[in-house]
Amino acid sequence: YTKNLGIPFGYTLQNSHAAKSNQVSVVMVPKAKDGSMLNGSFTNRSSLSYLAGVGDGVAKTVENTPHGVLVFFSSYSIMQSCIDKWKEKGMAALSIWDRIKRKEIVIEPKNKSELAQARFTFNNAISTKGGAVFFAVCRGKVSEGIDFADTHSRAVVIVGIPYPPVHEPRVRLKRNYLDECNQKDRECMSGGSWYLMEGFRAVNQAIGRVLRHVHDYGVVVLLDSRFHSATASSFPRWVQNSFERIGDVSEIEKSLKKFFGRHGGPKGGMTSEAMTSSSSVAEKRNRSIMIGGGRSTIEPQGIKSIASQYNGSVPVEVEKDEPKLATVSKGFLNRAVS
1 YTKNLGIPFG YTLQNSHAAK SNQVSVVMVP KAKDGSMLNG SFTNRSSLSY
51 LAGVGDGVAK TVENTPHGVL VFFSSYSIMQ SCIDKWKEKG MAALSIWDRI
101 KRKEIVIEPK NKSELAQARF TFNNAISTKG GAVFFAVCRG KVSEGIDFAD
151 THSRAVVIVG IPYPPVHEPR VRLKRNYLDE CNQKDRECMS GGSWYLMEGF
201 RAVNQAIGRV LRHVHDYGVV VLLDSRFHSA TASSFPRWVQ NSFERIGDVS
251 EIEKSLKKFF GRHGGPKGGM TSEAMTSSSS VAEKRNRSIM IGGGRSTIEP
301 QGIKSIASQY NGSVPVEVEK DEPKLATVSK GFLNRAVS
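The numbers in the sequence shown follow full-length UniProt numbering, run straight up by one, and end at 338.
Mixed in with the good hints, there may be bad ones.
[Claimed, not checked] Straight line, CA to CA, 20 Å or less: simulated DMTMM-like cross-link-like pairs of lysine to aspartate or glutamate:
1. 174 x 187
2. 33 x 114
3. 257 x 63
4. 112 x 98
5. 20 x 244
6. 31 x 63
7. 33 x 251
8. 85 x 34
[Said to hold, decoys possible] Here are the computed distance ranges between Cβ atoms for each label pair:
9. 88 x 127: 42 to 48 Å
10. 258 x 170: 24 to 30 Å
11. 101 x 253: 14 to 20 Å
12. 186 x 127: 18 to 24 Å
13. 75 x 101: 18 to 24 Å
14. 262 x 33: 35 to 41 Å
15. 241 x 184: 37 to 43 Å
16. 21 x 124: 30 to 36 Å
17. 258 x 102: 28 to 34 Å
18. 185 x 88: 50 to 56 Å
19. 8 x 180: 19 to 25 Å
20. 21 x 93: 22 to 28 Å
21. 93 x 124: 27 to 33 Å
These aren't lab readings, by the way, just hints derived from the structure by calculation.
Beta carbons are placed, not taken as given, at the ideal position from N, Cα and C, and that holds for glycine.
Let's have the full structure, built from the sequences with the hints guiding it.
If you want it as structure tokens, here you go:
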């Protein structure tokens, strides 16, 4: 990535979060309760088994999380497909939608002028009704530009991986250009590497909503089998010691009850006001910088003495929305992910 910019970087730094690793749990869910794979690729994301499986995963997360839940989809169209399917009754007494709407449901609007009202509805439900669910999309305003601290985001759910549209002309041209550069200089990023990085960059932005200060805590639920096979280096460093790989959707309840039980039980422990006050004091005490998705209390002049490099795996070829993994050179993934 840095090679393609054409700018030499003498030092790179990827920091841990100010919060401890036990304040977040990243739960990877590869399968539905019936054993079918939760693969949100282009060829599978419209299947009934997939839509029902991720719906069950979202519902179980909502049912076992106090206060606020943020659910991020890879696109508006996929979000709408899920909503339409989840509203169907089927054989069950309650539809998936019925299970989710035990908390008030707010949907991110496409029109930015309507976002303020959506946020007000969500915040009000957290304060007066004990909880709410915000459906939003990766790369949208909710996933990248709004702060959801404390009770407003006790859980973040990611449905699928938001890779760029594989057949879009700009995407194809970008990949072809990078592949040509890679053939001339192997240190340059390939088109496939860029494609994977773009998907995970958006995922990591959404994951960042779960912890907003040193006292915050929450769960990230990744509903896609492809997360299971991704390397740890695809994710922000501050969550790499917090992974929990479970068998299927049915195990979400046990995992979340265990996590929230450690943090004060169903009501979520420390109050939002107390956490915010404590966080404000800490921020005034320390000058800090945001690097790698976490907050560092290292003074800016001390950065030059630290460099962090590690190996990672990224795809070199992408066919039909499915990346194949290959090891890349040391230091490639030293990038800041906020």
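Agreement of residue 31 and residue 63 with the hint, judged by alpha carbon distance not exceeding 20 Å
19 Å, holds
Can you confirm whether the C-alpha distance between residue 174 and residue 187 stays at or below 20 Å?
Judged against 20 Å, a Cα distance of about 17 Å means the pair holds.
Between residue 8 and residue 180, does the beta-carbon spacing fit 19 to 25 Å?
For residue 8 and residue 180 the Cβ distance comes to about 22 Å; the hint holds.
Between residue 262 and residue 33, does the C-beta distance stay in 35 to 41 Å?
25 Å, violated
Agreement of residue 33 and residue 114 with the hint, judged by alpha carbon distance not exceeding 20 Å:
37 Å, violated
Does the beta carbon distance between residue 258 and residue 102 stay inside 28 to 34 Å, or does it fall outside?
21 Å, violated
Could you check the hint for me, namely that residue 21 and residue 93 are 22 to 28 Å apart, CB to CB?
40 Å, violated
Are residue 101 and residue 253 spaced within 14 to 20 Å by their CB atoms?
18 Å Cβ-Cβ, so the 14 to 20 Å window holds.
Regarding residue 21 and residue 124, is the given constraint of 30 to 36 Å on their beta-carbon distance met?
Holds, since residue 21 and residue 124 (Cβ atoms, about 33 Å apart) stay within the stated range.
Can you confirm whether the C-alpha distance between residue 20 and residue 244 stays at or below 20 Å?
The hint holds at about 16 Å.
Honestly, do residue 93 and residue 124 meet the 27 to 33 Å range at C-beta?
30 Å, holds
Satisfaction of the hinted span 37 to 43 Å by the C-beta atoms belonging to residue 241 and residue 184:
Distance hint for residue 241, residue 184 holds at roughly 38 Å.
Consistency with the previously given hints fails for numbers 2, 4, 9, 10, 12, 14, 17, 20, ordered from lowest to highest.
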